[in-house]
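**Student:** Given chain A, work out where chain B should sit, using these hints.
Going down the list, the sequences are from chains A and B. Reading the first sequence from the start, the letters are residues 1 to 285 in my numbering. Reading the second sequence from the start, the letters are residues 1 to 452 in my numbering.
Careful, some of the hints might be misleading.
As the list claims (entries may be wrong) - Straight-line C-alpha distance at most 25 Å; calculated BS3-like pairs for lysine-lysine: (1) 159/B - 92/A; (2) 433/B - 191/A; (3) 20/B - 191/A; (4) 20/B - 183/A; (5) 5/B - 90/B; (6) 159/B - 191/A; (7) 387/B - 224/A; (8) 56/A - 235/B; (9) 433/B - 94/A.
Calculated directly from the structure, the hints in this document are not laboratory data.
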Amino acid sequence: MTSSMLFNVVTLTYMVSMLIFFAFLATKNKTIGLTASCAAYFGFIVQTTAIILRWKESYEAGRGHAPLTNLYESVIFFSWTIILIYALIEIKYKYRVVGAFVVPFALLGMAWAQLGLESHIEPLVPALQSNWLLYHVITCFLGYAAFAVACGISIMYLIKDWLEGTSGDAQAGGIIAMFPSIKILDDLNYKAIMIGFPLLTLGIITGAAWANYAWGTYWSWDPKETWSLIVWFIYAAFLHARITRGWVGRRAAILSVVGFAATIFCYLGVNLFLSGLHSYGGGGK
Amino acid sequence: MTTNKRGFIQSVWDFFCSLKLSISLLILLAATSVIGTIIPQSPPREYLETISQAKIKLYSALGFFDMYHSWWFILLLYLLTVNLVACSVKRLPRVWKFISEPTLVFDAGLEKTLSLTHEFKMQGDAASLKEKMAAFLKGEFTAPVVTEVDGEYHLFAQKTPYCRLAVYVVHFSIIIIFIGALLGSFFGYKAYVQIAEGTSTSMVYKRGDEKPLDVGFSVKCEKFSVSFYDTGAPKEFKSILTILENGQPVPGYENRRVVVNSPLTYKGITFYQSSYGPAGDGAVYFLTVRDKKGGEPTKIVARKDEKIPLPGGGSVQVLEATEDVKPFLPQFSGPAIRMSYAPAKGEAQAVVLLRDYPDFDQQRGGDQVFVYTGANEKFYTGLQVAKDPGVWVVWSGCALMVLGIIIAFFFSHKRIWIRTGNGRVTIGGTASKNQPAFQLFFDGLADKLKKM
Numbered sequence: 001m002t003s004s005m006l007f008n009v010v011t012l013t014y015m016v017s018m019l020i021f022f023a024f025l026a027t028k029n030k031t032i033g034l035t036a037s038c039a040a041y042f043g044f045i046v047q048t049t050a051i052i053l054r055w056k057e058s059y060e061a062g063r064g065h066a067p068l069t070n071l072y073e074s075v076i077f078f079s080w081t082i083i084l085i086y087a088l089i090e091i092k093y094k095y096r097v098v099g100a101f102v103v104p105f106a107l108l109g110m111a112w113a114q115l116g117l118e119s120h121i122e123p124l125v126p127a128l129q130s131n132w133l134l135y136h137v138i139t140c141f142l143g144y145a146a147f148a149v150a151c152g153i154s155i156m157y158l159i160k161d162w163l164e165g166t167s168g169d170a171q172a173g174g175i176i177a178m179f180p181s182i183k184i185l186d187d188l189n190y191k192a193i194m195i196g197f198p199l200l201t202l203g204i205i206t207g208a209a210w211a212n213y214a215w216g217t218y219w220s221w222d223p224k225e226t227w228s229l230i231v232w233f234i235y236a237a238f239l240h241a242r243i244t245r246g247w248v249g250r251r252a253a254i255l256s257v258v259g260f261a262a263t264i265f266c267y268l269g270v271n272l273f274l275s276g277l278h279s280y281g282g283g284g285k
Numbered sequence: 001m002t003t004n005k006r007g008f009i010q011s012v013w014d015f016f017c018s019l020k021l022s023i024s025l026l027i028l029l030a031a032t033s034v035i036g037t038i039i040p041q042s043p044p045r046e047y048l049e050t051i052s053q054a055k056i057k058l059y060s061a062l063g064f065f066d067m068y069h070s071w072w073f074i075l076l077l078y079l080l081t082v083n084l085v086a087c088s089v090k091r092l093p094r095v096w097k098f099i100s101e102p103t104l105v106f107d108a109g110l111e112k113t114l115s116l117t118h119e120f121k122m123q124g125d126a127a128s129l130k131e132k133m134a135a136f137l138k139g140e141f142t143a144p145v146v147t148e149v150d151g152e153y154h155l156f157a158q159k160t161p162y163c164r165l166a167v168y169v170v171h172f173s174i175i176i177i178f179i180g181a182l183l184g185s186f187f188g189y190k191a192y193v194q195i196a197e198g199t200s201t202s203m204v205y206k207r208g209d210e211k212p213l214d215v216g217f218s219v220k221c222e223k224f225s226v227s228f229y230d231t232g233a234p235k236e237f238k239s240i241l242t243i244l245e246n247g248q249p250v251p252g253y254e255n256r257r258v259v260v261n262s263p264l265t266y267k268g269i270t271f272y273q274s275s276y277g278p279a280g281d282g283a284v285y286f287l288t289v290r291d292k293k294g295g296e297p298t299k300i301v302a303r304k305d306e307k308i309p310l311p312g313g314g315s316v317q318v319l320e321a322t323e324d325v326k327p328f329l330p331q332f333s334g335p336a337i338r339m340s341y342a343p344a345k346g347e348a349q350a351v352v353l354l355r356d357y358p359d360f361d362q363q364r365g366g367d368q369v370f371v372y373t374g375a376n377e378k379f380y381t382g383l384q385v386a387k388d389p390g391v392w393v394v395w396s397g398c399a400l401m402v403l404g405i406i407i408a409f410f411f412s413h414k415r416i417w418i419r420t421g422n423g424r425v426t427i428g429g430t431a432s433k434n435q436p437a438f439q440l441f442f443d444g445l446a447d448k449l450k451k452m
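If we strip away everything but chain A, and leave its shape as in the complex, we get (with noise of 0.2 Å):
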């Protein structure tokens, strides 16, 4: 068994979940809704087994490194920790139907990095060597995972805003009828935010402790530093529209929709279409 089927696996198990989900937005029915979860959840732990199985091959293979070195390595972390995040969320609150605009976010990624990327393990160049590499890379996907939760929050609520808005009614029906409240989508967004953004600052404080040490410089305004500046931009945005009058609601939801955008772009949009230190985060193939 070796990881890369297992990744397979992971990938066939989120797409199965993502549409037990839409066949619980259907049907309303609640086992449906918790085999959808549990599908998730064995996804993830099967997930959890191949990066440590990969992780075991790199040492096998004499690398010797974490699986968080490539973009495909990424790609799947980013995705393991989305599951992550909703689990966390769906545990605390009891929203199960979160899932169904969570589980895609995670499928797509599992899905792009098994059938469009390099999966060789690489050996880990001179500027990676380092334990900061660890810290640095954990905690700024475990914001960036906590930022797609929150966008798939927001995009429901746009959803449910819009449906009710048209119908004119407040109890419209179909498949928003399982949807929370829009009280409890703006206060869920919020909370995700919320884990979202200290372990984003951690991130880019880790990474500007790593440049320090590496390089000598905590700061240097390279596109992938300033993009990730532009990320914490808007969210401290949001945390700050939360407490002014007229900014909670549909434009906390479009806000947490562009800060996931940029989250994005930050992540990838940088290393495809700028240049800079990043270099080594790109290259997929």
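**Tutor:** Coordinates of chain B only, in the frame set by chain A:
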């Protein structure tokens, strides 16, 4: 007139205290920061040649080529600083008063503002109920402050009131980080130095203006080496450095290994492994040449660009050398040289020799066959040099920020009041964060009171 003036000052103050300004500034900073990630900063001439003169003029005028140090970007950062100081100055005294002088008396006015209240009938007079409730709060929550007003007793208890200050800690930490950055830019520098193996220097060159700077001690490069993985990717760039004071090695700073991610600091100045290259004329290349038809090979010792005559006429000249040929010839690896070979008769030609493939030159089919046996090459090591006395201020600010954010997000100021009259107990409570969770706790308290 004076009221007008005061009105003006007041409106300027209100402008800087407003949260709308904070949100606008944060979004503006996010949006403008994008520019500098798209337009190259301090661009090389090659880039400037690809865009039109008009664009160059426009971008220069707007400071887009050094955007993050342009007057308008710095102005935005200053505005944000003024904004958060003003917000803090305006709100902090109120919050402080709120914490240090809590409302102790649970009167009807306060009761109306609380969403969580319960009232019970209970046996006993006001004083005995007070004792009971004080013990109850102490056991279930925290010890209360008791105030007597008109024969009724008011109990007040609170938990983690200081978490209300955390948001100001975060604001303050941003200012500390800015101060650290300013300290670094005024009293520190970034520089660069190249040291050839076996030599030492005390001069470094400042980044930006290339001005030489004497660091006050010497750094000697004892040795530099680079190693590669079997894939051809670099594995380690390693300099062995010794610090010299007045020509003498400093104890503890002899033969120190400096690699990427493991710098060397001496007297507040840190040296980072950054690049390397051949140290000019230091390198000596060893070759052999023999006739195609056989015979003993002749040894050649060549320096770079030196024309070496060959036995039987002609000459060779080493043009360049590399530690690893992979980037140029992906199917091969290992050291290689490129030389100009002028045979006795015929045109001069470029010949590539690979040290790890001694038969490589036979394929060329020339009259003379060359083998590259190795080099005694000297490297220089390229080191980044940084002095930043503000860096610890920046890290303190960062630590404070993370601490502040965690407290501000995950701690809640919980307050509970109880009023006891004759045969009657009223309880009310509120929390600054996570009201639903507090409501569960509050309802639990009320249930316990009911059963008493």
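**Student:** With a cut-off of 25 Å on the C-alpha distance, tell me whether residue 56/A and residue 235/B pass.
**Tutor:** Roughly 20 Å separates the two Cα atoms, so the pair holds.
**Student:** Residue 159/B and residue 92/A were given as a pair; does the straight-line alpha-carbon distance stay at or below 25 Å?
**Tutor:** Answer holds: residue 159/B to residue 92/A is near 23 Å, not above 25 Å.
**Student:** Given the proposed pairing of residue 159/B with residue 191/A, does the C-alpha separation stay at or below 25 Å?
**Tutor:** This hinted pair holds, its Cα atoms lying about 22 Å apart.
**Student:** Checking one constraint from the list: CA of residue 20/B to CA of residue 191/A, max 25 Å. Satisfied?
**Tutor:** holds (22 Å)
**Student:** Mind checking the alpha carbons of residue 20/B and residue 183/A for me, to see if they're no more than 25 Å apart?
**Tutor:** Within the cut-off at roughly 23 Å; holds.
**Student:** Does residue 433/B pair with residue 191/A here, judged by a C-alpha cut-off of 25 Å?
**Tutor:** holds (11 Å)
**Student:** When you check the alpha-carbon spacing of residue 387/B and residue 224/A, does it fall within 25 Å?
**Tutor:** holds (24 Å)
**Student:** Does the structure keep residue 5/B and residue 90/B at a Cα separation of 25 Å or less?
**Tutor:** Distance of about 20 Å is within 25 Å: holds.
**Student:** Can the restraint linking residue 433/B and residue 94/A be considered satisfied, given a maximum Cα separation of 25 Å?
**Tutor:** holds (19 Å)
Of the numbered hints listed earlier, not one is contradicted by the structure.
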